[in-house]
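Colleague: Now for the letters of each chain:
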Amino acid sequence: MRFSLTPKETSFYDMFAAAAENLVVGSKLLLELLGSDVSGRAEIVERMRAAEHAGDDTTHAVFHQLNSSFITPFDREDIYSLASSLDDIMDFMEEAVDLVVLYDIQTLPKGVEQQIEVLARAAELTAEAMPHLRTMKNLTEYWIEVNRLENQADQIHRKLLAHLFSGQYEAIEVLKLKQVVDVLEEAADAFEHVANTVETIAVKES
Amino acid sequence: MRFSLTPKETSFYDMFAAAAENLVVGSKLLLELLGSDVSGRAEIVERMRAAEHAGDDTTHAVFHQLNSSFITPFDREDIYSLASSLDDIMDFMEEAVDLVVLYDIQTLPKGVEQQIEVLARAAELTAEAMPHLRTMKNLTEYWIEVNRLENQADQIHRKLLAHLFSGQYEAIEVLKLKQVVDVLEEAADAFEHVANTVETIAVKES
Amino acid sequence: MRFSLTPKETSFYDMFAAAAENLVVGSKLLLELLGSDVSGRAEIVERMRAAEHAGDDTTHAVFHQLNSSFITPFDREDIYSLASSLDDIMDFMEEAVDLVVLYDIQTLPKGVEQQIEVLARAAELTAEAMPHLRTMKNLTEYWIEVNRLENQADQIHRKLLAHLFSGQYEAIEVLKLKQVVDVLEEAADAFEHVANTVETIAVKES
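The listed protein sequences derive, respectively, from chains E, V and R.
Under my numbering, residues 1 to 206 are what the first sequence spells out, in order.
Under my numbering, residues 1 to 206 are what the second sequence spells out, in order.
Under my numbering, residues 1 to 206 are what the third sequence spells out, in order.
The hints are simulated quantities; they were obtained by calculation from the structure and are not laboratory data.
Backbone N, C-alpha and C fix where the C-beta goes; we use that ideal spot for every residue, glycine too.
One or more hints might be untrue.
[Claimed, not checked] Taking lysine-lysine and the DSS-like style, the derived pairs with C-alpha atoms no more than 30 Å apart in a straight line are:
no., chain 1, residue 1, chain 2, residue 2
1, R, Lys137, V, Lys178
2, V, Lys28, E, Lys159
3, V, Lys28, V, Lys204
[As the list claims (entries may be wrong)] If you want the ones that stay clear, here's a sample from chain R, every Cβ over 12 Å from chain V, calculated:
no., residue
4, Leu34
5, Asp104
6, His132
7, Leu164
8, Phe165
9, Ser166
10, Asn196
11, Thr200
12, Ser206
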């Protein structure tokens with residue numbers, strides 16, 4: 001018979017790992033969207049919706065556990081913040097796909113691909129980092145790299161805005177595209193929030 | 001002589017009930033705005049302003065009570081979150097009315113009426129639910145229904161966005177109307193935050 | 001030899017004072033931007049970037065101290081909120097300068113100067129108030145005045161929006177200018193958050 005002294009604490013780690021893995025799925029769907037013609041989009045929307053629902057279930061499980069646990073492995077507000085930011089990222093990813101389909105956007109500016117590649121890299125790093133919360137080891141590189149990626153995302157976003165307002169797009173088209181690039185930038189910011197919360201937890205534990 | 005063991009706790013319930021009743025007033029003013037011609041708008045703005053000030057007073061009273069109470073009926077952060085979200089909804093409602101008048105919008109797209117009807121229903125349900133915080137009974141239906149309403153609001157909002165970007169509006173008009181429908185969507189989201197906080201409180205108490 | 005019973009607590013006050021002084025620097029750079037021709041903007045961007053980095057360092061120092069201190073002079077969440085709002089203001093100020101340069105905006109509407117003057121006044125008041133956190137004296141006037149300034153900023157912002165949508169600007173120009181005036185309004189709101197947090201701390205201490 002297996003025996004654990006800390007069954008409840010274990011599941012928080014598992015839930016954070018599941019939430020981060022789900023973001024890898026989301027970022028791959030964003031990359032698929034770029035390569036897909038218009039006819040393939042509906043199926044990508046469906047799979048993104050499923051990923052978002054899976055993310056919601058994980059977030060809800062974290063909150064339920066948090067509200068019904070007397071002892072938690074980290075401070076309650078850090079668990080709350082971590083789960084909320086991971087959930088936000090999934091919401092932003094889904095919103096990006098939804099907007100592209102809703103506005104029937106035919107072509108996305110080239111920089112959007114770079115935005116999504118940065119998100120995919122941040123998702124991978126986050127998924128690799130979550131299991132290290134158990135031991136609090138090897139996390140420094142993760143948060144330095146995610147902060148670096150967020151700066152990179154910021155530069156790409158700013159170039160995209162300058163491009164959108166350069167005069168080659170109709171105002172309505174600017175409005176549509178700006179919503180997409182802004183929500184992808186929000187996703188990059190939320191990855192940084194996750195990394196900052198992990199750093200906060202690590203400082204408290206040290 | 002009446003005697004209460006928990007005079008302070010009682011007033012939190014009363015304040016939340018007052019804040020929610022105030023949102024019913026706000027949502028009715030939004031409905032009036034739709035039926036009003038341009039000449040009647042100034043008076044609706046005035047009454048909305050009064051409702052928003054009343055809401056501010058209630059929020060301020062909750063925070064003051066919270067900061068000066070040693071014992072509270074629920075966790076402090078949940079009281080804070082509940083009061084803040086109720087206050088946010090009133091602010092969004094007032095902002096919607098203000099934008100319509102500020103931009104001198106002559107006609108609102110049909111879907112805006114549906115948005116406001118959903119808000120009116122959410123306000124009623126919230127006002128009915130607040131008194132149940134005392135006993136924590138009969139709240140499950142409330143938060144399930146408000147979550148359902150938020151999904152409905154989301155669908156209406158998305159259809160409105162597709163409509164605004166369909167090509168039949170001038171870009172400037174799209175900008176104006178989008179602000180109105182976005183702020184109404186934010187109000188619907190904030191009703192869901194209130195319901196989620198109530199659920200959090202209930203889980204902790206159970 | 002100087003001796004302090006509360007060395008850690010002292011530094012929180014110093015850090016909040018430094019963050020607020022930095023906002024005075026930021027608001028002066030915004031005023032300089034208005035008076036500068038296009039050729040002088042790059043240098044203002046550089047100095048704003050430096051101020052924003054200095055602000056980040058202070059915020060990071062507050063969080064690090066907060067996470068590694070067992071005893072804090074105020075409730076942890078109020079310290080967190082104060083540092084975050086001060087940091088937000090700097091970010092909004094930098095964003096305003098960045099947007100003007102990024103979009104190569106030649107002329108700003110007259111109301112923008114009024115917005116920035118309000119921010120400069122709020123920054124001065126905040127910098128004067130922070131040292132009073134030690135004694136909690138003479139703070140009432142500060143937060144009343146900042147709330148008054150926020151109302152004033154709100155009025156200026158609304159007039160600017162009505163002006164932008166009055167029909168004299170192209171849609172693309174409206175989009176660019178609206179981002180600038182909105183981010184300056186967010187800065188004014190964040191000054192009010194700082195004042196509200198100070199009030200919260202004062203109520204708890206009284």
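Colleague: Run every hint past the structure and note whether it holds.
Modeller: These are the hints, each one checked on the structure:
no. : hint                : in the structure
1   : R/Lys137 / V/Lys178 : 46 Å, violated
2   : V/Lys28 / E/Lys159  : 45 Å, violated
3   : V/Lys28 / V/Lys204  : 34 Å, violated
4   : Leu34               : 25 Å, holds
5   : Asp104              : 20 Å, holds
6   : His132              : 18 Å, holds
7   : Leu164              : 9 Å, violated
8   : Phe165              : 6 Å, violated
9   : Ser166              : 10 Å, violated
10  : Asn196              : 8 Å, violated
11  : Thr200              : 6 Å, violated
12  : Ser206              : 8 Å, violated
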